[in-house]
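Engineer: Spelled out from the first residue to the last, the chains are:
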Amino acid sequence: MNTMVPAVNVEALKDTTLLNMGIFALFVAVTMVIVFRASRNNKTAADYYAAGRSFTGSQNGTAIAGDYLSAASFLGITGAIAINGYDGFLYSIGFLVAWLVALLLVAELLRNTGKFTMADVLSFRLRQRPVRIAAALSTLAVCFFYLLAQMAGAGSLISLLLGISDWGGQALVIIVVGALMIMYVLIGGMKGTTWVQIIKAILLIAGAAVMTAMVLAIYGFNLSNLLGSAAEAANNPNILNPGLQYGKTETSKLDFMSLGLALVLGTAALPHVLMRFYTVPTAKEARKSVVWAIWLIGLFYLFTLVLGYGAAALVGAETIKSAPGGVNSAAPLLAFHLGGPLLLGFISAVAFATILAVVAGLTITAAASFAHDIYANVISKGKADATTEVKVARRTVVVIGVLAILGGIFANGQNVAFLVALAFAVAASANLPTIIYSLFWKKFTTQGAVWSMYGGLAAAILLITFSPVVSGAKTSMIPGANFALFPLSNPGIVSIPLAFFLGWLGTVLDKRREDPAKQAEMEVRSLTGVGAEKAVDH
Amino acid sequence: MGNEAQPQDATASVDFQEVQQTERFKTLRKRHRSFVFPMAVVFLLWYFAYVLLADYAVGFMSIKVWGNINVGLILGLLQFVTTFGITAWYVSYSNKKLDPIAAEIRNEIEGREFDKDGNVISGAAK
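Listed in order, the protein sequences are those of chains A and B.
Reminder that position 362 of the first sequence reads as 362 in this note's numbering, one-by-one numbering, no gaps.
Reminder that position 36 of the second sequence reads as 36 in this note's numbering, one-by-one numbering, no gaps.
Treat the hints with care, as some may be off.
[Unchecked claim] Output of the computed footprint for chain A on chain B, the stretches with three or more beta carbons under 8 Å from beta carbons of chain A: (1) 20-31; (2) 37-51; (3) 65-74.
Bear in mind the hints are in silico, worked out from the structure with no lab data behind them.
Computed from a prediction, not measured in an experiment: that's the story for all the values here.
Backbone N, C-alpha and C define an ideal beta-carbon position, used for all residues, glycine too.
In isolation and in its complexed conformation, chain B is listed as follows:
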């Protein structure tokens, strides 16, 4: 294939298909996708619902709720709140559910390779 994009590192001889079939990797992939896909759908729908309301429901968006603050402004500010919220949620989810298992797989692969080559490098991910 001659893929220049990949680094010429010690992982050149790893059987990635074998890794892909392991239960641990499947769990990692499932955990990642079951979070990011639904979340992406939710925030895109919520954003476009907001845009559609601003486009086609001007009367509703113009209802004053408190002083001069109307529904449109509140929904707009809620877009900020949900963006910040999803960001924080994803970070905590990754820290707890994704990073540990990804690190396990990475250390195992990189560690094994270094052993095979005779260069034992502790903590391969420097």
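Okay, chain A solo, but in the shape it has when bound:
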């Protein structure tokens, strides 16, 4: 099969650099016009943080898909299936099933009780200051890890897609992408960010759909033929069976359980996902958002199954591994094989747009949390007016943008892929228990919330620090040292139950009781939508 593959090689990729850049520039130009038009009404805090709550459920659901389907899931999962077969598919399922937690337990209730940030909900019926600070810190931690992972990956994407392999050239591209992102978020606020995510999601899903149809057409729309051909090309029938990646040892099996737990419970507690629910006018639209997101994300992962095995069959594992960008190059190489330079240029431009859209979503979430939770509610004790708060948010955007650019330049080439898994583990440990308890457990107290959030945050970060991803293995961040006391790369299996336990323990040991009137108010509001923030009229 491999001998039939025509000129899929690194040189061919470089020839298309100009085309890739051209398509990406077109994307930037179109989105810029939309962002400028959409931002004319950016006056109030609700406009800036929550897009005036004026998006429909279907628009927001598409934006959620655009936010969630990061370069890691598009390039990473396709590559993982191409190389490790079934285990890559197994990995993608956790990312989808997780949305049921958001749908059933979180989205609507959160939309009804909060205003702009996750901390709004968590501190609703508890003592403001301690809970808000803890929630804001965990929001910032998750955003920081996720952001760094995205930006550090940008370097290898640049060398893969634009053929720029020297450090200075990559740094320049990272600065340009970062500056664009700052502009979108600064000018467009949540409205601009949302439109970038919507457009990117449509392009990404459409591109993946076209490639999927092309791959299936080659095999006569017979999945079994495609699988057979992939196994034949890989010269390994086990590519169709589980275990190639996660089944090596008992530790790696347990590690996957731990990862699965963090994925399933972390998604519904990612602050940038939660913040998207405030951009719609009602809880019903929030529900519709999740429904759209589930269909789009599910469909997309079904496409990656075909694309991954398609890359294994048509491009071949060896070619993929030896290309710049390694595993991540499976999807672009497959695009080149199927549709030549034009499809490759399109897919590459979409991959860039992906970094832009995901980083923009994280930046506005972190800025909102800093300005709304820490500045407005803690530092100035609620006395700051909305105009000042938005001004602080905008300045924070610039600071975070610059940090993201620096992180991208200096973490370039570092092995920081574990940061995404860490972000999910922190979200699942530090945020989810408190979200669930405060929505559903009457007796939950401030002490329980604070113990659970700090306990979950500290446990996740400490366990990662003392795990093989940081030291003690060839693939570690610091391969020379060995202080890996914890055997697993994913802390979730310990830190998530611990955080749930601490939330319970802190509550039962708390001598103070929370105000039952606030509990009643939160429960009634969350289920009925009484007094929920409505759409802004302009």
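Given the coordinates of chain A, work out where chain B should sit on it, guided by the hints.
Structural biologist: Below, chain B without anything else, positioned relative to chain A:
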């Protein structure tokens, strides 16, 4: 308490504890929880059962059922089917059993408040 998170709207003087004790609200809460909790338990168990099988029952998952399509792939695709199915089921349940009663309670509270303040706004939930 000084809770800045809550909107300063006309519901400020509502006695939420009173609302919480009404039969109608209790029904709403019961209907919501009796759907979402069991469903959450079911899909989490089903997902982890699948992950455990993929981790520890590789032989079973590798049994070919039809052509090159094995048990593992079928169970994986079934995860998609159940996710889509639970989503559709929840939407139809909410539309029929949750939304009408939630709207009733909301309109009653918001309507009453607006009356008390003398600002009669029809359809308070704009």
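Engineer: If a hint holds in the structure, say so; if it doesn't, say that too.
Structural biologist: For each hint, the structure was consulted:
Counting residues of the segment 20-31 of chain B whose CB falls under 8 Å from any CB of chain A gives 4; the rule of at least 3 is met. With 8 residues having a Cβ less than 8 Å from any Cβ of chain A, the segment 37-51 of chain B passes the three-residue criterion, so the hint holds. For the segment 65-74 of chain B, the proposed coverage by chain A is satisfied: 7 residues have a C-beta within less than 8 Å of a C-beta in that chain, meeting the threshold of three.
Checked against the numbered hints given earlier, the structure satisfies every one of them.
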